[in-house]
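Okay, here's what each chain looks like letter by letter:
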Amino acid sequence: MLRTLLARLGLLTVALTTVSSAQAADHSDPPAVAGDAATDIGDLFAWHAGPQGSETLTVVLTFGGPVPPVMGQQGAYDADTLYAIHFDRTGDNVANDTAYVRFAQNDLGDWGVQVVGLPGTTGPVVGAVETVLDTNGTKVHVGLHDDPFFFDLVGYANTLSTGTLSFTGADAFAGQNITAIVVEVPYAAVQQGEAGPVNVWATAARIGG
Amino acid sequence: MLRAKRILSAVSTSLVLVLAACPGDPPPQDAGEPDPQPTAPADAGEPEAPADAGEPEAPVDAGEPEAPVDAGEPEAPVDAGEPDAPADGGVDDAGTPAEAGDCADYCSAIMSACTGDDAQYGSEAECLDYCSNVGGWEAGTVEDVDGNTVGCREYHTSVAATTDPATHCAHAGPSGGNACGSWCEVYCDVFDSTCSDDAEAYASEQACLTACAGFPDTGAANDVEYDTVQCRIYHGGAPAAADPATHCGHARAEATMFCVGQPTDFRFRDDAPTAYTVLDSVGMPAVSTALIADKDGYNLAAPDNTAYVGEILASLNALHGALDDDLTNLGLTPCIADNPPTAEVQCHNQEVAPGVTVASLIIPDHLSIDPSAPAGFPNGRRLADRVMDVTLAIILLDLGTHPANAFFAAGLNPATNDLGVEGAFLSTFPYLHAPHAPAP
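So the protein lines, in turn, are chains A and B. The opening position of the first sequence corresponds to residue 1 in my numbering, with each subsequent residue numbered one higher. The opening position of the second sequence corresponds to residue 1001 in my numbering, with each subsequent residue numbered one higher.
It should be emphasised that the hints constitute simulated quantities derived from the structure, not laboratory data. Take the hints with a grain of salt, since some may be wrong.
[Stated by the list, open to error] Output of the computed footprint for chain B on chain A, the stretches with three or more beta carbons under 8 Å from beta carbons of chain B:
#1 66-72
#2 87-101
#3 171-177
#4 195-201
[Claimed, not checked] Some chain B residues well away from chain A (every beta-carbon gap over 10 Å; in silico):
#5 T1167
#6 E1205
#7 G1214
#8 V1224
#9 P1239
#10 A1307
#11 A1404
#12 A1406
#13 V1421
Where a beta carbon is used, it is the ideal one built from N, C-alpha and C, also for glycine.
Hey, can you work out the whole structure from these sequences and the hints?
Here you go:
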């Protein structure tokens, strides 16, 4: 994953500067989520689209990957993890809206998703995973997908380890899957009349701690 | 006092009839109504309430010898296995009165006819207790094919003995299976029998039937959970008789526990966000996280990373120290990342777009979307954006000399995702491609 990979850049860079050579042994980003697929965020995408005046804002948050495809594979759903997608429309880095995403099974063993606080909604959005949940144009989907990220991880790692540009253009993420949360809301529902940009970030948290 | 009233109501409407019709039954069946003075208001804490349910006299009946006699009774129309209309009159073809329903006969028969998965009671004693003290059933006659009566259950027991026990045992059991009484008749009779003192007891039978009409009937006989009339019949039966204070609530219209929800309901945690510990965060791709060693602390602080500016600049400086010679050899002009900066062209002060510096993209750590400008990294991030090439360019190159897409043609990284025509994503929500299938 992009963040995971670039974490290595940071670690290797730090190692180069001898700030903390001990950190160079770490292979996971961040250390607290090593082996915890559900809270290991991959990428965040957020973009606006549509004609002026009726733009939408789409956010994609990936986690639990990349993983190679296997038979019977399903998303990295975990009932004890809380995802938060934060929206700041006033430029103070404090979220004005936060969409909280949780997963859970029903008594039949099926996984569902719940999104609370999504701009443009007045109540929780709840439904099965791997479907599109459309509430008056505010859409939610979670599911296992092709990892949308593309990047020459090997070339990048070689560049860092050798100090020489060593890219080959190969896509280390080709053929890999990842779990994704996708939400799409009216931009106006996020902006709420504010004039400036909307800032978006996301976190993954585990119960307790 | 309430207990006494409750018992009286149940007994007066059904048990007395049962007993009157069954002179051979042992007197202990009457144990349910020991309170001759129902007006005594002071016995609220009277201990006999729980005692009734587990009344010990039931086992006395268990050994009754007449059970085998019933099993072979010939008058039940076992042939079709379906209700016969003529039976209702209480008078058979010969014009003689049909035999009245009898708990002892019924329980003996159903314990032998309905076993294993089809069993309706844990023991014959439980059956006798339910039939006599809990269900609020009228006696009826053994030719009843419907109605919430003992007799109807005897009839369906006789059918189950020879035909499709999976179906007919449910009819013969405590719930009546929507054959011996409608679901709601059975519910209202049993709730009135066991829970007439409940805080949410119904004002009348009609009030109960009206409320019950709103209960889903999607369950099965003897279900113990979910928001159904069947679940309420179960909890309002033997459990409520044993401990009404605890179990009547489960049988109410607004049930407390058990008879709530549906099996398709997802059981999400309802903990507050503060009950969770943030373990990972994401905002701007690559840059900020890339340049941080204390990732756990950084994630907790998201998106405010101002405390990490020094570390970010130091890491940036180290990266340039390793790669600037290669960039120069490629004919590219690196930006200067000295910390503190000593040259005018400082990487983090370069403008990626008018008024948008590299530093402003990194600090704080978030994606910023300005809808008045075209979408595309770093104005937000689309799925197909070549964020690695752009990121590398804006932290490595002199943007006064090179555009932010200077690396696009360099072939450093793949230009597109591996799926879709020329790497395109789907044009409609949710845009992402289906997962890859494993190789055959």
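Hint-by-hint comparison with the structure:
{"no.": "1", "hint": "66-72", "in the structure": "holds (count 4)"}
{"no.": "2", "hint": "87-101", "in the structure": "holds (count 4)"}
{"no.": "3", "hint": "171-177", "in the structure": "holds (count 6)"}
{"no.": "4", "hint": "195-201", "in the structure": "holds (count 6)"}
{"no.": "5", "hint": "T1167", "in the structure": "holds (24 Å)"}
{"no.": "6", "hint": "E1205", "in the structure": "holds (33 Å)"}
{"no.": "7", "hint": "G1214", "in the structure": "holds (22 Å)"}
{"no.": "8", "hint": "V1224", "in the structure": "holds (12 Å)"}
{"no.": "9", "hint": "P1239", "in the structure": "holds (21 Å)"}
{"no.": "10", "hint": "A1307", "in the structure": "holds (13 Å)"}
{"no.": "11", "hint": "A1404", "in the structure": "holds (17 Å)"}
{"no.": "12", "hint": "A1406", "in the structure": "holds (13 Å)"}
{"no.": "13", "hint": "V1421", "in the structure": "holds (14 Å)"}
Comparing the model with each earlier hint shows no violations; every hint is respected.
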